[in-house]
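Asks: This is what each chain is made of:
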Amino acid sequence: NAGVTQTPKFRVLKTGQSMTLLCAQDMNHEYMYWYRQDPGMGLRLIHYSVGEGTTAKGEVPDGYNVSRLKKQNFLLGLESAAPSQTSVYFCASSPRGGRYNEQFFGPGTRLTVL
Amino acid sequence: AQSVTQLGSHVSVSEGALVLLRCNYSSSVPPYLFWYVQYPNQGLQLLLKYTSAATLVKGINGFEAEFKKSETSFHLTKPSAHMSDAAEYFCAGGYQKVTFGIGTKLQVIP
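Protein sequences, first through last, are from chains D and F. Okay, so the first sequence: first residue is 9 according to this note's numbering, each after it adds one. Okay, so the second sequence: first residue is 158 according to this note's numbering, each after it adds one.
None of these hints come from the bench; they were simulated from the model. Honestly, I wouldn't trust all of these hints.
[What the hints assert, rightly or not] If you want a taste of the chain F side facing chain D, the calculated C-beta under 7 angstroms gives, among others:
1. Lys206
2. Phe257
3. Ile259
[To be verified] Here are the simulated DSS-like cross-link-like pairs (lysine-lysine), alpha carbons at most 25 angstroms apart as the crow flies:
4. D/Lys17 with D/Lys79
5. D/Lys17 with D/Lys65
6. F/Lys226 with F/Lys215
7. F/Lys226 with F/Lys254
8. F/Lys254 with D/Lys65
9. D/Lys17 with D/Lys78
10. F/Lys262 with D/Lys17
11. F/Lys225 with F/Lys254
12. F/Lys225 with F/Lys262
13. D/Lys79 with F/Lys254
14. F/Lys225 with F/Lys215
15. D/Lys78 with F/Lys254
[Claimed, not checked] The following residues of chain D were derived to be distant from chain F, with all beta-carbon distances above 10 angstroms:
16. Asn9
17. Lys22
18. Leu53
19. Val68
20. Asp70
21. Tyr72
22. Asn73
23. Arg76
24. Lys79
25. Gln80
26. Leu86
27. Ser92
28. Leu119
Think of the CB as a built atom: it goes at the ideal place given N, C-alpha and C, for glycine as much as any other residue.
Just chain D, with the same shape it has in the complex (with noise of 0.2 angstroms):
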């Protein structure tokens, strides 16, 4: 099993440009994450989905949309790329809620905006 992948790993955008982070889970878990990390600050919780075709604001969601068309797959979304979301992006998915939100993470894209 290749657990959470996320596709790219790295990315260099331009201010106003576009993109979409593509996470990946072969667990059939029911819920997904996107969570970015900045220096001092932790994770911040961007989006997340508790099953399929449903989605969730998070902590930090403005500038973001994504999508959950199919269970295996989580989307994230940048439509005008600002410096702010210079981050490190990490998907993340779990069985279910509770006792059980045992989060698997991928291994992080590197996004820099400039």
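Got chain D; can you put chain F on it based on the hints?
Replies: Just chain F now, with coordinates in the frame of chain D:
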């Protein structure tokens, strides 16, 4: 709003010394608590989780944490630090929407 607070963004210990990393959670955080570890340039991996079966939880690599409801704390400990324990540690809590602390970087001094 739910919050998870980690006291000390950097902690240094000598090899062989006790490791204590502090985590407090707000009362609005459901009592589903986790500790994760992150090594450089990697994603996070689970160290241990509180499942309400026991207040003292044992995890991987000799780490353990004690859930204290009266103190709203879930501190992480290890009796004897190894060089390989140098990493960043995150406390987290929540039911669906999980909140992470800002992380504590552990330095182990030879």
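Asks: Below or equal to 25 angstroms on CA atoms is what counts here, so check F/Lys254 against D/Lys65.
Replies: This hinted pair holds, its Cα atoms lying about 9 angstroms apart.
Asks: Hey, is D/Arg76 genuinely clear of chain F, shortest beta carbon separation above 10 angstroms?
Replies: holds (14 angstroms)
Asks: Any Cβ of chain F at or closer than 10 angstroms to D/Asp70, or is the non-interface label fine?
Replies: holds (17 angstroms)
Asks: Is the interface hint for F/Lys206 satisfied, with its Cβ closer than 7 angstroms to some Cβ of chain D?
Replies: holds (6 angstroms)
Asks: Are all beta-carbon distances from D/Leu53 to chain F longer than 10 angstroms?
Replies: Label violated. Min Cβ-Cβ 6 angstroms, cutoff 10 angstroms.
Asks: When you look at the beta carbon of D/Leu86, is every beta carbon of chain F farther off than 10 angstroms?
Replies: holds (20 angstroms)
Asks: Keeping to a limit of 25 angstroms between CA atoms, is the pair of F/Lys225 and F/Lys254 held or broken?
Replies: Holds, because 22 angstroms separates the two Cα atoms, which is no more than 25 angstroms.
Asks: Beyond 10 angstroms on every Cβ pair: is that true for D/Lys79 relative to chain F?
Replies: Non-interface label stands for D/Lys79: nearest chain F Cβ at 16 angstroms, farther than 10 angstroms.
Asks: Between F/Lys226 and F/Lys215, does the CA-CA distance stay at or below 25 angstroms?
Replies: Holds, at about 17 angstroms.
Asks: Checking hints one by one. Is F/Ile259 an interface residue toward chain D, by the C-beta closer than 7 angstroms rule?
Replies: holds (4 angstroms)
Asks: Is the claim that D/Ser92 lies outside the interface with chain F correct, judged by CB distances over 10 angstroms?
Replies: holds (18 angstroms)
Asks: The output says D/Val68 does not contact chain F. Does that hold with a beta carbon cutoff of 10 angstroms?
Replies: holds (12 angstroms)
In this structure, the one hint that does not hold is number 18.
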